[in-house]
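Student: Assemble the whole structure, with the sequences as input and the hints as a guide.
Chains as they are written, first to last, in the working numbering: chain Y, 5 to 142; chain X, 800 to 1115.
If you're looking for bench data, these hints aren't it; they were derived computationally from the structure.
For clarity, every value in this text was computed on a predicted model and none was experimentally measured.
Think of the CB as a built atom: it goes at the ideal place given N, C-alpha and C, for glycine as much as any other residue.
There's no promise every hint is true.
Unchecked claim - Have a look at the derived ranges for each label pair, beta carbon to beta carbon:
id	chain 1	residue 1	chain 2	residue 2	range
1	X	G848	Y	D106	43 to 53 Å
2	X	G848	Y	L84	45 to 55 Å
3	Y	D119	X	F1059	23 to 33 Å
4	Y	D106	X	K825	43 to 53 Å
Said to hold, decoys possible - Simulated crosslink set (EDC-like; lysine to aspartate or glutamate; CA at most 20 Å straight-line):
id	chain 1	residue 1	chain 2	residue 2
5	Y	K34	Y	E71
6	Y	K34	Y	E75
7	Y	K67	X	D1025
8	Y	K67	X	D988
9	Y	K67	X	D983
10	Y	K67	X	D1024
11	Y	K67	X	D1007
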Amino acid sequence: MNQPRRSPLLLQIATGDPRPINRQIVDGVKRLIASGDLAVGAGLPSVRGLAAQLAVNPNTVAKAYTELTTEGWLDARAGLGLFVATPRQRLSDAERERRLNDALVRFVGDIIALDYPADVLLDRVAAELALCAPKQPG
Amino acid sequence: MNLPLPVATGDFVIETDALTLRFRNKLALDRLTLNVARGGIHAVVGANGAGKSSLFRVLLGFQAATGGTARVLGCDSERLTPALRSRIGFVNEEHALPPWMRVDELTALQRRQYGAWSEERYDAVLRNFHVLPAQRIAELSRGERAGVNLALALAQGPELLILDEPTLGLDVVAKRVFLTALMDSSYADGTTILYCSHQMDEIERVADQLILLERGQLLHAGAPDDFCARMCLWIADGELRTGDLANLPGVLQIEHLDGFTHVVVVDQGEQFEVRLRALGAHTIEHMSIGLDRAVNAMLARNHAGSAVPPPVLQPA
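Tutor: This is the structure we're talking about:
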């Protein structure tokens, strides 16, 4: 009865991508955690389960899980499997800065051709961020 | 005569040293030196005639080498004892099984031959292919025959399983079931799997190690990711002259597309930009490439019509 529930992982990988498959799994899980689709404490699929779901080598999934655990995104609980870790400073400052920059360049590239005035865009971004903000207790 | 006892050296299930197989006027294996570590899935890739099947035939003791040595599970492949043979599984290309036999008859025959036979493993594999015991082999589809073939091979609990193009001609459903069973055996039972395929998307999903053969020689042995990491696609403005590019080190493939020159390069690093600039390029970009493109560039480099001479490569 104490067996914690595992969450299904809404993840897809693509062959032919320059990113190796274990990289795609690592990035995909991080994205799901960052977006809140995978909540803190949620159980990850087993290595063989996820390997079968994605039709990839279990060794590749194991490698990706190891990396996510080492980086602090997942916690291993002996005998129970892997769980989404409580957030802490998961990345170095330089790495955060690099990723923010990458994301901004991509984002601006997508929206620049839509021809909205800057103040409208900034308002929309602020509104989206407000939706992601942790809810204040009480 | 004093025969040396088989001794496994290192943790390699296969060790070849300058292995050579010469037919009348063709060199099928050309001084091939290859070590295959225990565990994991090792995919052999190469053009038709690169030596994949020849290598398998020598390893299995079906064919005597004309030079060099091949050791399998620590023993010379030409002197494999029945005890060693029973630890090596083989799945042939055509999934050829006696067509007149019923599945259960064939199973009974094989069960008697192998001491390490596991009914549980056999059922676990075969269950996924929805084959009935009373069916005749001749009534089975290619995918179902592949399933029976794999179940028979894995039920023996082989330490090493060799498969010659096992997924050729399988439909998408059978192929996925087949590969999942293969990967499961490697992961759960620690079976070392050596197999060949021409399908790069499949190899990307399945292989721990990539063994790239060309004209009987080894081009690369290592993780597929490491192979891709050696490659880079450079895109320069203008139509740089093929002759100039072909003289640069590491150039594998040159294409002129929409006024740009695309060059796939191996083992060069960032300073390759300087070389492109020296040829007159102004705007230069580069990106990493996936396995399919990487293997393509490597194997296409000296096909007829390619202006690129084969670069000298150190097997990694």
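Student: Determine for every hint whether it applies to the structure shown.
Tutor: Against the structure, the hints come out as follows:
1. X:G848 <-> Y:D106: 43 to 53 Å: holds (44 Å)
2. X:G848 <-> Y:L84: 45 to 55 Å: holds (52 Å)
3. Y:D119 <-> X:F1059: 23 to 33 Å: holds (29 Å)
4. Y:D106 <-> X:K825: 43 to 53 Å: For K825 (chain X) against D106 (chain Y), whose Cβ atoms are near 51 Å apart, the range 43 to 53 Å holds.
5. Y:K34 <-> Y:E71: holds (11 Å)
6. Y:K34 <-> Y:E75: holds (11 Å)
7. Y:K67 <-> X:D1025: holds (15 Å)
8. Y:K67 <-> X:D988: holds (18 Å)
9. Y:K67 <-> X:D983: holds (16 Å)
10. Y:K67 <-> X:D1024: At roughly 13 Å apart (the allowed maximum being 20 Å), D1024 (chain X) and K67 (chain Y) satisfy the hint.
11. Y:K67 <-> X:D1007: Judged against 20 Å, a Cα distance of about 11 Å means the pair holds.
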